[in-house]
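**Student:** Chains as they are written, first to last, in numbering that gives the first Met the number 0: chain U, 0 to 450; chain F, 0 to 248.
It should be emphasised that the hints constitute simulated quantities derived from the structure, not laboratory data.
Be aware that a few hints might be false.
[What the hints assert, rightly or not] Derived CB-CB ranges, DEER-like: (1) F/Pro176 <-> U/Phe428: 53 to 59 Å; (2) U/Ala187 <-> F/Asn211: 57 to 63 Å; (3) U/Ser43 <-> F/Pro176: 49 to 55 Å; (4) F/Arg113 <-> U/Trp101: 48 to 54 Å; (5) U/Gly88 <-> F/Arg113: 56 to 62 Å; (6) U/Tyr437 <-> F/Arg113: 34 to 40 Å; (7) U/Tyr299 <-> F/Pro116: 54 to 60 Å; (8) F/His236 <-> U/Ala10: 54 to 60 Å; (9) F/Arg64 <-> U/Leu222: 48 to 54 Å.
[What the hints assert, rightly or not] Here are some chain U residues the structure puts well away from chain F; computed CB gaps all over 12 Å: (10) Ser76; (11) Leu113; (12) Ile209; (13) Ala272; (14) Lys384; (15) Thr387.
Please read all numbers here as calculations on a predicted model, not as lab measurements.
We treat Cβ as the ideally placed atom computed from N, Cα and C, and that holds for glycine.
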Amino acid sequence: MATSFVRTAFAPAEPPPLHVGSAYSALARSLFATPLNLVMTIFSVAVIAWVVPPLIRFLALDAVWEGTSRDDCLGISGACWPFVRAKFGQFIYGFYPVAERWRPNIVFATGAILLAPLMVPAAPFKRVNALLFFGLYPLVTLVLLTGGNLDMRAFVLGHVVSWGPLAGFGIEAGLRWSFWSDFLVTAAVVTAVAAAVAALLRAHVRSAFIGTLIVFAVLGLVLLAIDLDFGLEPVQTRLWGGFLVTLIVAVTGIVFSLPIGILLALGRRSNLAVVRLLSIVFIEFWRGVPLITVLFFAAYMLPLFLPRNFTFDTLLRALIGVSLFSGAYMAEIIRGGLQSIPRGQHEAASALGLGYWRTMGLIVLPQALVLVIPGIVNNFIALFKDTTLVLIIAIFDLLGQLRSAFSDPNWATPVTLYTGFAFAGIIYFTFCFAMSRYALFVERRVATPGR
Amino acid sequence: MTSANHAIAVEMAGVHKWFGQFHVLKDINLTVMRGERIVVCGPSGSGKSTLIRCINGLEAHQRGRIVVDGIELTDDVRATEEVRREVGMVFQQFNLFPHLTALENCTLAPIWVRGLPKREADEIAMHYLKRVRIPEQANKYPAQLSGGQQQRVAIARALCMNPKVMLFDEPTSALDPEMIKEVLDAIVELAHDGMTMIVVSHEMGFAREVANQMVFMDGGQIVEKNEPKEFFERPQHERTRLFLSQILR
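The following block holds chain U by itself, in its conformation from the complex (with noise of 0.2 Å):
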């Protein structure tokens, strides 16, 4: 006989089964459950029984912490500490001269007390923050580090007459402004040009006229910093050198090559061709090369291109080419994370009446960029190690200060070369393992909920 059933209250929720829960059940299950996990997990601990100890052993068990020279660490198998503990000015800020090292330890500390409550979610006023440490802090840095004082004599113009074919037609010495006017027609004439552009594409041609202009402020009000005169000692950049030059080199590298990345992948997206086509070469030129090569040409065949008069600082063109370089990688990351944003948020948006740069920066890139974090950390990671090609530039950071210091025959011992790599490897590995935790607590951060 058939009998219909209706439930008359809900089926109570019960606790889970004992073995799901405990710590214990956990760890066996994940460690001893089949037997190609009994054999991995053997594997595993053999390997660590045969690094760990030796590795502990030369760091501290063995090694010399207290010493004055080459005698102390004479017939020790472990790291000989007080050879960095005598070269550790040098491996910092290599050959800055010892009267002026307050300047980089200001630059340390207040890049630090910037920095820290920027990374903080909680930390209050954020804006200002941002805005002190990516607007003053870079141009303080540039004055202090350098002394400021730099000696400008021609913006644009000034070289533009100046140089090759037009030069000898006499122009130049009727065109011999100051700098500053020089400035000013150059910043007058471009932004004529980007609002006719701007009219040439019947775009909006107010806001392209005044963006213009603010560029040229900024920039106006950057180099007025550095034309004025602090009455600091002028250190020149071929005397900077250590862990100051590689801090220097990926932080550089590290803020540029995000917004270029930005600017390149929407490039490459865009409609207009001649922007897309722009990109796409600028893209493939820069991957194509390698780094050692693009710093060789910046640092040593590009005066060979330019106008005598038109050289500028060496740690400067090394800078631009790592910026660009990491920016043209950048880019094909963003550029995957643009590709994953469906068509109906480009619409939605536009069926608002947003604009395309703002459907860009408030609809489309928030997404994208949250979903390529770990490309891009990996990015910043490699460009930091990488940093440490610019040795071949003859500019001297940590690694160059280090393999210089193992040169020097007060301390030439066996176990040398082994401490001064370790030091290198523990600053470099907290360096960069501390970035890749960051960026994984940003991705936990600005996960969207119920995604």
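Keeping the supplied structure of chain U fixed, place chain F upon it in accordance with the hints.
**Tutor:** Leaving out everything else, chain F in the frame of chain U:
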């Protein structure tokens, strides 16, 4: 003359559109008066979606004239953006911004396009979220909402721009059956308030209740346009009769 023109919300005259070689819209002539509610139906691939996507310039037409609220849609970006500010659109797939809360979805355009202060935008957004009956979900993200709730947020988002015309592109086709009614109710309510709207939909009960004009499309053409009573009871064209017999079983 101006008063007559002001009574017209959307005018399409001799509009043609091609996707590559494919002629999707053929000689579309359609005038929508202010306060009129038009429901467009037709078999899939007949060009219904393309038609309403042309009205806010999501698709460009190649021949003919489209004038929305007195502004003609041309290749001029500014004209297009101006039209889009006055025309709200609701999509089949909702297309909410997943990284923003329901409230932020609604306030984004009023703040960035209309330039309203955040507080005012919040007030407007809450007003419309109440109207679609989900004010309590304001601070949730789209992925935390059901399909019906998401579509109602999408309607509120479009309304926050205070549009003169609303376009609905199959607003209930991606919904689970039990959620269709809550979305249709929101649209019906909007219709009773006198909103000008063009709806692509196969919900014929809804069409009967809301529309004052039915449009049947097939093969990229408007085959028949009539008042709902006539349209459903005495369809003139053979293809309309066939279509209705298939969906009205």
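**Student:** A separate judgement is required for each hint: does it hold in the structure or not?
**Tutor:** Against the structure, the hints:
About 57 Å separates the C-beta atoms of F/Pro176 and U/Phe428, a value consistent with the hinted range of 53 to 59 Å. The hinted range of 57 to 63 Å is satisfied by U/Ala187 and F/Asn211, whose Cβ atoms lie roughly 59 Å apart. The supplied range of 49 to 55 Å is met by U/Ser43 and F/Pro176, whose beta-carbon atoms lie about 53 Å from each other. Checking the proposed 48 to 54 Å range against F/Arg113 and U/Trp101 shows it holds: the Cβ atoms sit about 52 Å from each other.
Distance hint check: the CB atoms of U/Gly88 and F/Arg113 are about 59 Å apart, consistent with the given range 56 to 62 Å. U/Tyr437 and F/Arg113 have their C-beta atoms about 38 Å apart, which keeps the hinted 34 to 40 Å range intact. A hinted range of 54 to 60 Å for the beta carbons of U/Tyr299 and F/Pro116 is consistent with their spacing of about 56 Å. Between F/His236 and U/Ala10, the C-beta spacing of about 56 Å keeps the proposed range 54 to 60 Å intact.
F/Arg64 and U/Leu222 have their C-beta atoms about 53 Å apart, which keeps the hinted 48 to 54 Å range intact. Distance check on U/Ser76: its Cβ is at least 56 Å (rounded) from any Cβ of chain F, clearing the 12 Å threshold; non-interface status holds. A cut-off of 12 Å between C-beta atoms confirms that U/Leu113 is not in contact with chain F; the least separation is 27 Å. For U/Ile209, the requirement that its beta carbon stay farther than 12 Å from each beta carbon of chain F is met, with the minimum near 16 Å.
Against chain F, the non-interface label of U/Ala272 holds: every CB pair exceeds 12 Å, the least being about 16 Å. Every C-beta of chain F lies more than 12 Å from that of U/Lys384, the closest at about 32 Å, which supports listing it as non-interface. U/Thr387, annotated as away from the interface, keeps every beta carbon of chain F farther than 12 Å; the closest lies near 37 Å.
Checked against the numbered hints given earlier, the structure satisfies every one of them.
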